[in-house]
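If you read the protein sequences in the order shown, they are chains A and B. Under our numbering, read the first sequence as residues -11 to 245, first letter to last. Under our numbering, read the second sequence as residues 6 to 295, first letter to last.
Derived from the structure by calculation, the hints contain no laboratory data. Just so you know, these numbers come straight off a predicted model, no measurement behind them. There could be a bad hint or two in this list.
Said to hold, decoys possible - No more than 25 Å apart at the CA atoms, straight line, and that leaves these computed lysine-lysine pairs for DSS-like: (1) K60/A with K91/B; (2) K91/B with K47/A; (3) K144/A with K167/B; (4) K8/A with K60/A; (5) K8/A with K(-5)/A; (6) K191/A with K207/A; (7) K33/B with K91/B; (8) K282/B with K267/B; (9) K170/A with K191/A.
Claimed, not checked - The following residues of chain B were derived to be distant from chain A, with all beta-carbon distances above 10 Å: (10) Q9; (11) L57; (12) P63; (13) F81; (14) F84; (15) F86; (16) G104; (17) E120; (18) I133; (19) A139; (20) Y143; (21) L149; (22) I275; (23) L279.
From the three backbone atoms N, C-alpha and C, an ideal C-beta is built for every residue, glycine too.
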Amino acid sequence: MPLLEIKNIETFYRLIYALKGVSLALDEGTNTTILGNNGAGKSTILKTVMGLIDDQPDKGTIEFMGKRIDRKDPEDIVRLGISYVPEGREVFEELTTRENLLMGAYRRRDRAGIREDFRRIYDYFSVLEEREDQLAGTLSGGEQQMLAIGRALMNKPRLLFLDEPSLGLSPLMVKEIFDIIKMINSEGITILLVEQNARMALKIAHFGLILENGRFVMKGRAEELLEDEDVKEFYLGIKQTESAKGYQRWKRKKRWR
Amino acid sequence: MFLQLIVSGISIGSIYALVALAMVIIYKTSEVPNFAQGEMAMLSTFVAFMLLASFGQPFVISFAGALVFAVVLGVFLEFVFLRRAKDPNVLSLILITLGFEMMIYGVASWKWGAEQQSFPFPVSDFDIVNLGPAVVSYLNIVTLLVTLFLMFILFLFFRYTKVGIAMKATQQNMLAARINGIRANRILSITWGMSSLIGAVAGMMLAPIATLDPNLMLDPLLKGFASAVLGGMTTLVGSALGGYILGIIETLFGGYISLQFKSIVAFLIIVLVLCFKPSGLFAKHYVRRV
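One chain only, chain A, in its complex shape (with noise of 0.2 Å):
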């Protein structure tokens, strides 16, 4: 059994027709990303998975091991072991670096694991500790990224989304954000990326997914999509364009709609 299945979710952004129904099954251990353009609806199904879209989804069913969580609160979705790294950061500006991990465990009475979790996520950010007692919002944006996934990681999750991760960060920086995404899935937690960078995400992930319009358009372990002819054009941005006698281009055309 999957741990997350999602069926068929139709989402509706107020008037705008987001997920045009959308399936996804991802397995325990498992490390996924979901690409696409902007727009495509790739943050719309995290959105939707955490409940923060009201009273959707309007079609489809999303279960967690085994159960039914569509359209319940995100606090409670969070507390059954889903944990998301909203885009954008999202910390809490005025709070010390400390207390916004300790808000990550908010759901959670156990002081002694919660201890532990210090030490761990001081040990795969080493500048958190530096910055402990620093308001978050005095973070650069590096750190306060480094701050969410720690503050996601503090609730003990089962399954982790990330949205977006890279953005406005230096490349030296993805590359150490990155490395850790890899280092906590291969601790066993299940992952699920949503990415603008196609590049580093396939480097990391298992499996790749290119939504399009709100649907699905394609769908591979990432090696292959890397790999992928298509995928190399419009997402990786390598485009071989044929001049046979320097007078006809012939350029690929393709569309998934």
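Based on these hints, arrange chain B on the given structure of chain A.
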């Protein structure tokens, strides 16, 4: 004369500070100035009065009872009315609080009538201590001590308890709070209960120097609001300081310039603050990203 005015200023400033605190606690969570704050406090004070005068209960039980009532009232209003509002904007929430204000005012007028009562209090305003040239009444001292104590408790609550930190977290970022499993609705209820409690303390400290009738909190509410604007609607410490500043300025104005126009000072201050430092004197705040 000057010292005496300062003493009365601090005394009345304590009341303003409490009202301002009550207001800011709600404002920070829901961005709504709660205009029913005063009437909620008035109703709780009447409950204390009823327990004292009609049921002949001792002070401790009456005051405790009134405080419990205040918490229940705050939670009730939030749970029954505010939570029902679907996709509310700030304006409609303000209108709801104005609705509460009228409702509670009506209930109080119907139950206790418009005649003025005197509120019995264990400490008298007429027992005095000489402080150099100024006289300080026991009531002044108790008011100040209770206010400072309450502020200290609030400080500890927001600094060290999990619920307190979660409350700050919800105030800063509702979405992030919810995805960390903090029940935002529950936090909102707690906020209203706390705010109502603080307001009730203000009401009961004020009632012995004023007279108890349904208009008890009308003036202090506006002054408390002015203090909150003066100190900054987003800072607890600032709004409390604002209360003291306003109390002192107001009594000084009343003593040296004009007693009749004393009440105008508060509004003059609101206008000046809004002109020169709209976020308030003590506000330090991260600008919210849009």
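Any hints this thing doesn't respect? Which numbers, in order?
The structure breaks none of the hints.
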